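Q: Residue strings, one per chain:
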Amino acid sequence: MGNEAIVRGALESGVQFVSTYPGTPASEIGNTFFKIAPKAGVYFEFSTNEKVALEAAVGASFSGLKTLMAMKNFGTNVALDALIPFVYTGTKGPTVIISADDPSCHSSAQSEENTRGISYLAHIPTLEPADPQECKEFTKLAFQISEKFKIPVMIRTTTRVAHQRGIVTLNKIQISKSKTQKGKFIKDSKKFVTLPPRVMEMKTELLEKIERIRDFSEKSHINKQSSRKSNFGIITSGISYLYVMEALKELNLDLPVLKLGFFYPLSEKKIKNFINPPAGGLKKILIVEELEPFLEKEVKILAKEVNCKLEVIGKKLIPEVNELKPGIVTLAVAKFTNKKYNTPSTKFKIEVPKRFPQLCLGCPYWLVFGGIKKAVDTKNVVFGGDIGCYMLAGFPPHYLQDYLSCMGSSIGIAHGIKKATSQKLITIIGDSTFFHAGIPPLINTVFNKSNPLIIILNNETTAMTGHQPHPAAPATPNGIKIEEVVRGCGVKNLKTIDPINQKEFIKTIKEFLGKPEVSVIIAKRPCIQIKK
Amino acid sequence: MVIVGTGGQGLITLLQVLAEAALIEGLDVRTSELHGLSQRGGSVEVHIKLGKKVYSPLIPQGRADLILGLEMQEALRSYPLASSKTTFLVNKQIIAIPLVKNLTEGEVLKNLKKISKKVILVPASEICKKELGKEVVTGIYLISAVAFKNLIPLKPASILKAIKKIIPAKYLELNLKAFNLAKKT
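Protein chains in written order, with our numbering: chain A, 667 to 1198; chain B, 31 to 215.
Okay, chain B solo, but in the shape it has when bound (with noise of 0.2 Å):
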């Protein structure tokens, strides 16, 4: 699983909820993230990898069974590692990139059509800022809608062990809120 994005939209503690779910269940996990500036604001990647015995932390190009874009254009730029065979799960959202042409919704979502069949298109932000309030537990409501869709190997119930576990007290309740609104995905 590849999940995209952008600085600062939370893509670590992400793959920090994946990997504690994926060793509540008793996998092997490997995942792989990038720090410093390159993270300001610009494109992230990030790599988590699920099983009985994992290897590297990095997926192959065309490998990748599912991509979890947090933004739309983000989702598209990840099409390298995607093959037929993957899936897309995608925030329904465009953060402009300043100073040049942006991609439109329905020019991202034709493009990875092309790429495959299997493109689920969420609005996530839309919902966690109408129903809670708050975007930022946009990646939570995500990975947790990922599991209730049974897109991944991981039970719900461990991605919600694993939010209690990392998620620091303060801000606990509100991705609770979050995961509990994804059942309804």
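Chain A extracted, bound-state conformation (with noise of 0.2 Å):
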């Protein structure tokens, strides 16, 4: 699997320093160190939230450790924070940073999100593969290139490419010397602090470093491009090579590809030379991207100062909205071409009954649900949703969901809603959600006075992604309790309740929601797959 592959890269690289908070399509990567970490000699954590993993992936690269970070995409925009600046100071131990894509939103609810958008703002060089032998080769490349460059590197894989199995040649695991031994953080401020005037010439310093980098991408073989016998050509990366290579076989052609393994920097010189080379320019270019266009603007400005005649043809035949797929790539290729190609497919339309997800037999959150629908009159109270199994709520039979968005949202947003209207108000959020990005929201509440009810659901486990444990979970050590945490935040009305009381449950929630301060119950019983 390319995650696994990933984690098999970063182990022949050897790496020595890995956290994470789990999310699909990236979730493997840490199941795998997880599993394996003390035996692989590895140090590795489930860090509380993506900008906490970052920092701490941050820390041991000062200290001089060989260092894997991995996240979903939105996971990215939680650490962005902490990322820009760390591409500034840049990496004293290798640093490689994975964010998963997910196009066609398979397992993420918010957005849509095109990761590759970062890698501009924060001036992060980015590798895409798009196989799983790929995403071994890249994630050792990407530890090669930010140790030259003393810079970190990131890969963007997507569902396709993560959850992708195939054949991985394997090579010898490396086992590094410092790898028992400890890092050293040596004091260095006019490089590891941010601070201006430095702080400009940092950004002088990484533009610089960027185009040393591009240079080196010039000559990368992962930037690789097929011999010409056409006129028309193509260019891609990630995932869609491969849909493109399917095409050209199924259609029986044989165009010249250019398929892009750095998006950021883009080799600018291969591009002009693949669509202007000595032998005579292109006439037309297909860019087949899944999502945003970038790698289409970028060459429609580099073919206005190579191949102005050039016809680049990008989203007009490749959608933007949901993943690629094999047939929509061969049917853009055939039009691009102006071959025929009929998608085989049935005439007929035949209407199944649609099979929405749902909580598993005996999961508590059935008795959370229940109760609260007991509770209240639903017509009259906003339920706010949450990241976890329990967004399950916004599909029947329960239908308990009035706004979903981000991680720990549905405190922040039901502090705006309380404060802006006079409705009743229920949030619904998981534990590792509420550790994760739940407690500055909850403070808030407290600290600027709304009475939202937030209810947070104690499974003991983080468990859409896979039970990674978390601070409160029964098993780990020196555990944290919610409890604590909340009454900490300066919150009055608090019960922890098991939903199996469903009496008390339901008083509870009447009694709480009639506070003029903000009130917390903890439905605590753990998820039954754990259970089992």
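Since the hints were made in silico from the structure, they are not lab data.
None of the values given here were measured: they were computed from a predicted structure.
Please note: incorrect hints may appear among the correct ones.
[To be verified] Calculated lysine to aspartate or glutamate pairs in the DMTMM-like style (CA-CA distance at most 20 Å, straight line):
id	chain 1	residue 1	chain 2	residue 2
1	B	LYS82	B	GLU55
2	A	LYS1020	B	ASP95
3	A	LYS950	A	GLU964
4	A	LYS1015	B	GLU135
5	A	LYS1013	B	GLU55
Reconstruct the complex from the two isolated chains, following the hints.
A: Shown next as structure tokens:
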């Protein structure tokens, strides 16, 4: 699997420190390290959120350790505040950051994010693998680039890369000499302190560094080009490359293809040479990329310089919403080359009732959702949703979700609604999500005085992403009690209830909804999957 | 080949076994699967491609050679991937979708036959429950049946080897029984 190949690549590079917060489609990177870290002599942690995980990675890198940090796309947003200055300071120990996008939102609420935009924003070198073999190789290359240029390097995968299985050739795992040794933080304020006016110098240095990495990428084999047999060409990257190769085979075409392993910085010379080779410029070029047309825009600018007659076609034929599929790309390539291609398909439409994902049989959330419905008239209460299995509150038969956004936002948005209206409001947030991003907005409800009812679902695990531990999980040594955190935030109305005690649960909901201050119910009952 | 079913039926394990079997036979192989929330009891569709050289892991619309359905309504749901050339091997079982009108076995079968003449219905869950007392090995039973019926370019012996490699020791005996049971289909 792509994610496992990333782990292998890191081990073959001699990784020493790994941090993550779980999120599909990146979770198996952490899960695999969680299993093997002690044996592999690697320090591993599930951090409380992605920003914290990246900060831990930054600290390890500053102390000279070879470091990997992994997260899903939205995690990169959470970590962004730490990411941008880290690219300025650069690394001491080589550092690779994995960010996994999910086109088509198979396992992602909130948005169909294209993290490639962050590459520009943060000036972070970014590689895009297409398959598990490349996941491994690109991870190793990313460590090499990081070591050579003293900069963190990002690998951007997508669901169909991260969760793609295929054959991977293994190399030897590198047991680094310093693995069992500690790193050392050597003071160097010129490098590690991003205070102005030094920070402006850092930016200048960073931009120079990026140009040197661009030169490096011009020579890199991961930007590869097939030989030219036509004056039509294709530029592509990541998983789209596999669809392009399949389309060419299907349509029996032999077009030159430029596959870009480097998304940022882009190999401008290579692209210019591809669209305008000494033998004469291409006439038409198709850019095959998922989601927003970043490459298309870049190629259009470069074409203006060297081959202004070149027709650059991208989103005219390739959809910008939803992931690509081989059939879509074949059809686009056929249109691009004026070839006939009939998508084989059945002529009729068959209706099959939709099967929504369901809470597991015996899931404690059945009791929570059922209790809420018995306690209140759902028409007259606003329900805030958050990120976890309990997002299913939005599906039948529950319908207990009136807004849903990002991690922790159920509480933050609840505060705003309570300030803006006089409506009753109940939010539902999971234990791991509460630790991730629920504490600052909870403090805000106390500090700025609003009174939502917050139900924290403590099922003692991070269930949705595959049962990773969190700070209050029973197996965590020196575990933190959610009750103490909530009380420490200044919440007066607090009760922990096993929702199997429906009478008490319902009575407390009714009572707390009438309170003038914020109230918290901790619905505590373990996830049925870990109980098994 | 596409495998469809509902979350919790162990489709990813089946993919792992098939991919391992392909590796044993020296074939190129690519698979694609989904994780996370979509899998909690919802519809699941995983893809596997085998051959001398495989590019992408996804099967284009209308191009599935074989659709293995662990549940009948899910088998029908995957119809955009099928054409008249597709073989459907389907577990004779309806897992009810709550709160809506479900399709009957007869309705599913009638529609599948509209798409392709090659529809094989196997009461796999029933057989596994009756003979082994456990429905959970239905998937292993079915991929073994697929190999015994020569519906995929993988030898039953390779599937057997792959099962031994992938399935944890604790459950191996039960799974081997399911494999042997599939010989008779």
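Q: Looking back at the hints listed earlier, which ones does the structure fail to meet?
A: 2 and 5
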